[in-house]
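Engineer: As a plain string of letters, each chain reads:
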Amino acid sequence: MIDLPARTRRVSGTRLLDLCIERGIGSVVDPFMGYPTHLAVLKRHGIAVHGGDLLEWFVRAGEGLIVNDFTVLRDAEVAELVEMLPGRIYPTDLFRAWEGVFFSEDQCRYLGVWHANVHALRSDGQTGLAIAGLWHVLCHWLLKSSHPDEMLDVPPSELAWHYVRETDRWVVQNGKRNTVRRADFAATLGAVNADAVYLALPGRTGARRIDARVWMWEAWWTGDPYLNVERLYRDTVFGGTANDDGSYDRAIADVLVAAQQAPYVILQASPRDAKRFEALVRAHRPIVEVVTPAADEIYVIGKR
Amino acid sequence: MTVPVGADGALGLYSAVGDAFADRRIGFGRRRANVAARFARFRGADEHAVAVAWIAGALAEVGLVRVVAPHDASPRTRALLFADMPLHGAHLAAAVRGVPREAADAIRWHREHDDGTGVPDGLRWDGIPTGAAGVGIAHAFVTAIEDAAEPRDPLEALFALTADAGRRFSLDVERAFRAFVHEQPDVEAPCTVTLPDIEDDAAADALLVAIDDRDERTRGTSARLAARAAALAERVGLDAVRASRCARLLTLGRATEFAPSDDVDPLSRVAREQRTALAGRAGAIAAAVPRYASEASALAASAAWYEEGARDRYGALLATVVAAESLDPVEAPRRLAAAAGSQLDPEIARAYVAALGAPT
Numbered sequence: 014m015i016d017l018p019a020r021t022r023r024v025s026g027t028r029l030l031d032l033c034i035e036r037g038i039g040s041v042v043d044p045f046m047g048y049p050t051h052l053a054v055l056k057r058h059g060i061a062v063h064g065g066d067l068l069e070w071f072v073r074a075g076e077g078l079i080v081n082d083f084t085v086l087r088d089a090e091v092a093e094l095v096e097m098l099p100g101r102i103y104p105t106d107l108f109r110a111w112e113g114v115f116f117s118e119d120q121c122r123y124l125g126v127w128h129a130n131v132h133a134l135r136s137d138g139q140t141g142l143a144i145a146g147l148w149h150v151l152c153h154w155l156l157k158s159s160h161p162d163e164m165l166d167v168p169p170s171e172l173a174w175h176y177v178r179e180t181d182r183w184v185v186q187n188g189k190r191n192t193v194r195r196a197d198f199a200a201t202l203g204a205v206n207a208d209a210v211y212l213a214l215p216g217r218t219g220a221r222r223i224d225a226r227v228w229m230w231e232a233w234w235t236g237d238p239y240l241n242v243e244r245l246y247r248d249t250v251f252g253g254t255a256n257d258d259g260s261y262d263r264a265i266a267d268v269l270v271a272a273q274q275a276p277y278v279i280l281q282a283s284p285r286d287a288k289r290f291e292a293l294v295r296a297h298r299p300i301v302e303v304v305t306p307a308a309d310e311i312y313v314i315g316k317r
Numbered sequence: 006m007t008v009p010v011g012a013d014g015a016l017g018l019y020s021a022v023g024d025a026f027a028d029r030r031i032g033f034g035r036r037r038a039n040v041a042a043r044f045a046r047f048r049g050a051d052e053h054a055v056a057v058a059w060i061a062g063a064l065a066e067v068g069l070v071r072v073v074a075p076h077d078a079s080p081r082t083r084a085l086l087f088a089d090m091p092l093h094g095a096h097l098a099a100a101v102r103g104v105p106r107e108a109a110d111a112i113r114w115h116r117e118h119d120d121g122t123g124v125p126d127g128l129r130w131d132g133i134p135t136g137a138a139g140v141g142i143a144h145a146f147v148t149a150i151e152d153a154a155e156p157r158d159p160l161e162a163l164f165a166l167t168a169d170a171g172r173r174f175s176l177d178v179e180r181a182f183r184a185f186v187h188e189q190p191d192v193e194a195p196c197t198v199t200l201p202d203i204e205d206d207a208a209a210d211a212l213l214v215a216i217d218d219r220d221e222r223t224r225g226t227s228a229r230l231a232a233r234a235a236a237l238a239e240r241v242g243l244d245a246v247r248a249s250r251c252a253r254l255l256t257l258g259r260a261t262e263f264a265p266s267d268d269v270d271p272l273s274r275v276a277r278e279q280r281t282a283l284a285g286r287a288g289a290i291a292a293a294v295p296r297y298a299s300e301a302s303a304l305a306a307s308a309a310w311y312e313e314g315a316r317d318r319y320g321a322l323l324a325t326v327v328a329a330e331s332l333d334p335v336e337a338p339r340r341l342a343a344a345a346g347s348q349l350d351p352e353i354a355r356a357y358v359a360a361l362g363a364p365t
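Protein sequence lines, in the order shown, are assigned to chains A and B.
Letter by letter, the first sequence follows residues 14 to 317 in the numbering used here.
Letter by letter, the second sequence follows residues 6 to 365 in the numbering used here.
It is worth saying that the hints were derived from the structure and are not from the lab.
Cβ atoms here follow ideal geometry from the backbone N, Cα and C, with glycine treated the same way.
There are no misleading hints in this set.
Partial pick of chain B residues on the chain A-facing surface, computed with a CB cut under 10 Å:
1. A84
2. A88
3. P91
4. H96
5. D110
6. V124
7. G127
8. W130
9. G132
10. I133
11. A170
12. G171
13. E179
Please model the entire structure based on the sequences and the hints provided.
Structural biologist: Dropping the structure here:
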């Protein structure tokens, strides 16, 4: 049985929005964006947003949710996406390696079909929305495999339809240029100027503790069920040597140096790390403020 | 249901206004609060967390006050605007002195779904605070029970929720809620919660100002009406404080998504029909909150015409100041004097005209 930890950081777009409005921040860049709903919230409220990540599916999802201002998947397009189209040859055994381990035979077949259908979409916006929507199906299936009797049985195409349609409401324009890129933090921060850099930093052993649902979706998108995403992080400053406090702090310092141009840096911290992060930010910013809207949610805000 | 201490004032008013905007039966918010608080206690929360659950349950939909969708908004535009309802509610709650910040956060995130498809943030899994998840499932439960199209008993409502296990609600929360309802199926069971001290008048005023601010044309109306009513009450020997309070509370009549505009002739029949609906709604909301219930009759009477037997003096006073507020200032003395004895109480209308320095 796959381990599905519920642990996830609360990255709240509306909380960030409150912080931005209070400080007159009009643009934000997040070099470790992950699944970018928080940036979508900021975008919806008129803030220009830029994101970067090393995982391609996060970036693709960002192209649907962040960069894309208009394109949605219409009903007919969703229908073509979620089902096998007559006359097309599908790689139905592409994810056979997962069969019986994580998914049923039928589910593996659908993963292959969707992989082909999503890759055949003709716009980055639609591709991003489809990836974002179908990821929820993967999460649903994995959860259901752990708790088969507590969740409804929903046919794969119906479930996919539901979740892909859900992504529609994130598509909105804000009259600004919003970007995402597949790059490490230095490339992302070097490529865009923004009023604030938002940092929800990877954990010390982020590469090894990456959620199964996240790496599996990267594997699905690349069509390689054996994909190992650890290699993506190994050569970054948060790679293998960031396990001890000193290395991890040096990695954070590197990020803060790269973020030097932005008037604000907003670093989200847990109660455990808050003091250390505050000291690190103080070393790079003359004015530092610690905002604690909730006991488990701390923002260390440095101003240039 | 035992009304928790402290809920009789501004919190009750916020809750009732949320119900009115959401087009629910007044009292829905209190029932949701009751279920949320009992569920929190069932899960072993301390008294502070139980109070937080009650407040968040009561105020969950008050954010609708700040959601203003144009008449011709597309379903997508409406969905985007309504996605911010919890955020607005959190801001309104956080501005009330005495409301714990955890309650504001529970309001902010009570519409989040465990699978990440909720609003406003798309939080998922344990990114959603436990308190907010509890309010969210309590909301869904009471909604299922009070569904006008298909009313359900608690166990049927629970069955409706199980379809969303693992999607809208986490399996843990759904499991706990199922155990809670099986153990305590009576939705109306008493629940006593010790709420923090709230500055009722300041909080109520802030809410009324927020309702005024929904429409540019009504911005500042409640304060102007209150000033007029207080001055007029002194002239005719009524309690100025009560008159002022009633005038402010008239704003509650606009606690609906599409309130009619006040720019028609206030002494016409069309305006009277509109005023009757507004006054009735204001009276109904006030009647639901013990602290303001004594003003309900005056609010409801404020739309009645004198010639048809309206004799509530505070209601008559409100009718006069509402008419004066809407009339052209140049025309007002003549029109009010002409309406004295027909639409308006003659003594009060003449006192108002006299105060303007016009001949009566």
